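Visitor: Protein chains in written order, with full-length UniProt numbering: chain C, 1 to 344; chain X, 1 to 344.
Some clues are possibly wrong.
Note that the list lumps identical chains together, so a pair holds whenever it fits in one copy or between two copies.
Stated by the list, open to error - The calculated SDA-like cross-link candidates involving lysine to any residue, where the alpha carbons are at most 20 Å apart (straight line), are:
1) K226 <-> D307
2) K296 <-> N178
3) K226 <-> A42
4) K87 <-> E143
5) K149 <-> E256
6) K296 <-> N181
7) K226 <-> P311
8) K149 <-> E258
9) K190 <-> V55
10) K25 <-> S148
11) K80 <-> E57
12) K226 <-> E183
13) K226 <-> D309
14) K103 <-> M229
15) K226 <-> Q306
16) K80 <-> Q208
17) K49 <-> E79
18) K2 <-> A184
19) K226 <-> Q56
20) K51 <-> K142
21) K25 <-> G213
22) K103 <-> N310
23) K149 <-> V86
24) K190 <-> D281
25) K170 <-> N181
26) K2 <-> K170
No wet-lab data here; the hints were simulated from the structure.
If you're wondering where the values come from, they're calculated on a predicted model, not measured in any experiment.
Spelled out, the chains give:
2 protein chains.
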Amino acid sequence: MKSYNVAIMGATGAVGQQMKEQLEKRNFPVKNIVFLASSRSAGQEITFKGKTYTVQEAVPESFENVDIALFSAGGSISEKFAPEAVKRGAVVIDNTSAFRMDKEVPLVVPEVNKEDIRLHKGIIANPNCSTIQMVCALQPLKEQYGLSKIVVSTYQAVSGAGVNAINELKSQSADFDNAQNAEASVLPVKSADRHYPIAFNAIPQIDQFTDNGYTYEEMKMINETKKIMHDDTLSVAATCVRLPVVTGHSESVYVELEGVPTVAEVKQSIANAPGVELMDDPSNQVYPMPLMAAGKDEVFVGRIRQDLDNPQGFHLWVVSDNLVKGAALNSVQIAEALVEEQIV
Amino acid sequence: MKSYNVAIMGATGAVGQQMKEQLEKRNFPVKNIVFLASSRSAGQEITFKGKTYTVQEAVPESFENVDIALFSAGGSISEKFAPEAVKRGAVVIDNTSAFRMDKEVPLVVPEVNKEDIRLHKGIIANPNCSTIQMVCALQPLKEQYGLSKIVVSTYQAVSGAGVNAINELKSQSADFDNAQNAEASVLPVKSADRHYPIAFNAIPQIDQFTDNGYTYEEMKMINETKKIMHDDTLSVAATCVRLPVVTGHSESVYVELEGVPTVAEVKQSIANAPGVELMDDPSNQVYPMPLMAAGKDEVFVGRIRQDLDNPQGFHLWVVSDNLVKGAALNSVQIAEALVEEQIV
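Chain C extracted, bound-state conformation (with noise of 0.2 Å):
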């Protein structure tokens, strides 16, 4: 079987770690892999299969006789690295917002629009944490039903603001008494004027807000959703806040279908769709919650139900690890099929 020279762009952070053991857990074909970061974190030691690595500081020599380079390293460093990666024929798989919404750069959830990669110039992108779960739970429903219509509002994990986020909401969380008084230096925003305390709060700000009011985080859902379904005219509207919650992003998902299916039609489609397990009994209260989705592959559904005023309208509540299925795992899947489609 071929195997392929792999990178780790980003190797000591969150998702690079996830990236790693997404790539032993599922005995990805490596030949060599390297591991990269910034002079600050070369140097430090991660074990793959056993063998142990030093990590290299990037320069643009790294990517030489790489095929499929991983990047989870800031929007910045994509920019920077990836056009080297690609010069010395890697494909880039970018977890970075960098490229998602570039017209030449294809943007892929497998479960959703794995033929895309086909078209790709060098670099392929991952979505937004948030953006995929939603689309994975959606996309059986669009197929089978037609979907017309997005109102989502989100429930995230500060995991995704990275490992000085989850301090935060460690030291804050340890005085329950003083929480309205707690310190704060990394939410909403590290680079922002003001910050707020997460622990027993909920912020209704992730990443900057851009002129029209809305936020990145919520212009991102709009736009990638509509980039991976293919579909433009379908209407997407986005709330996105942060909460007190370590790892797993939950997702209060309302949709309009453009067909009239019934509640038990609508846990089959979720139930049969890839990457996606039903978890919906409500007489035995099943239903999913982040806690219980750290850690897992997933994406989880539940609480499906009928709009009671609406026949066409349809409410999901999906969870899943924003670290996971949100980032590290739909890149390696994303590697997979390069390697099954044998474009690498």
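Guided by the hints, dock chain X onto chain C, whose structure is given.
Guide: Using the frame of chain C, we list chain X on its own:
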């Protein structure tokens, strides 16, 4: 000035204590006050305007000579004692769900349908906390632009489930690294078969499930909103979720209006609405959050923006203290309206 004999039923609970504080703070014209509870809580002492009162066990005769009785001691207590109070000439303002959907009982949020108090036959119901804050925010939009559809996802605090839920959140939060295995015995519903940790989690169940897959909390929002707004044709779709927040419910509200106002016009409507405070300046990261709303009287609204795919669609982020405007304050405002309209 005329003054009134007042009773608080459920005086030792979280809402009962808030009712007492609101009567003091708003200087309600109290002649005599009696604090009532179950035999378990009888004998406790409560200070009202500098005078100490002993909580008495409620019996039917407790309501002799009472003009206004504020009830917040659970639905079965209201079912038992509210008719006894009415029989003795009191007007009951009931904060439980016992009578809310009774056609003979007005369901009142003074900012929205104060005039309905005139239709009372002894009992006036106080709506569910999550309903109250939403209708306060939406009434000005309904009046000015017409309202056809609401899709709401809630982010609700544990204090709505009582002091045991607060204690459970506190003890679970102290053990950050053990979140997945934290002991739980209160949430989502004390009497339910299964309990889940709330710290670092989001539970998509508030109250028990009904046969149609919705929870009672969701059905309350749907049915009560239509009743308060006097509009059976209004489409209301709700998903209710419990969060690791102590006090302050947040709501991601998406509405479709009949008209097409600008965002500036919608903001102006909200800014002018009674009981509502506009808190919406994305460029300075100004938006409401539960930690800052706890302990305050107002319904705070921010993140107002127009649906990019539908000019009649608008998003609002609505936050308020679930024990204050969501319960005690609204009840006391109903009492004030009874005085103002000379109904008592």
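Visitor: Going through the numbered hints above, which ones does this structure break? Give me the numbers in ascending order.
Guide: When the structure is compared with the hints, numbers 3, 4, 9, 10, 12, 16, 17, 18, 19, 20, 21, 22, 23 and 26 turn out to be violated.
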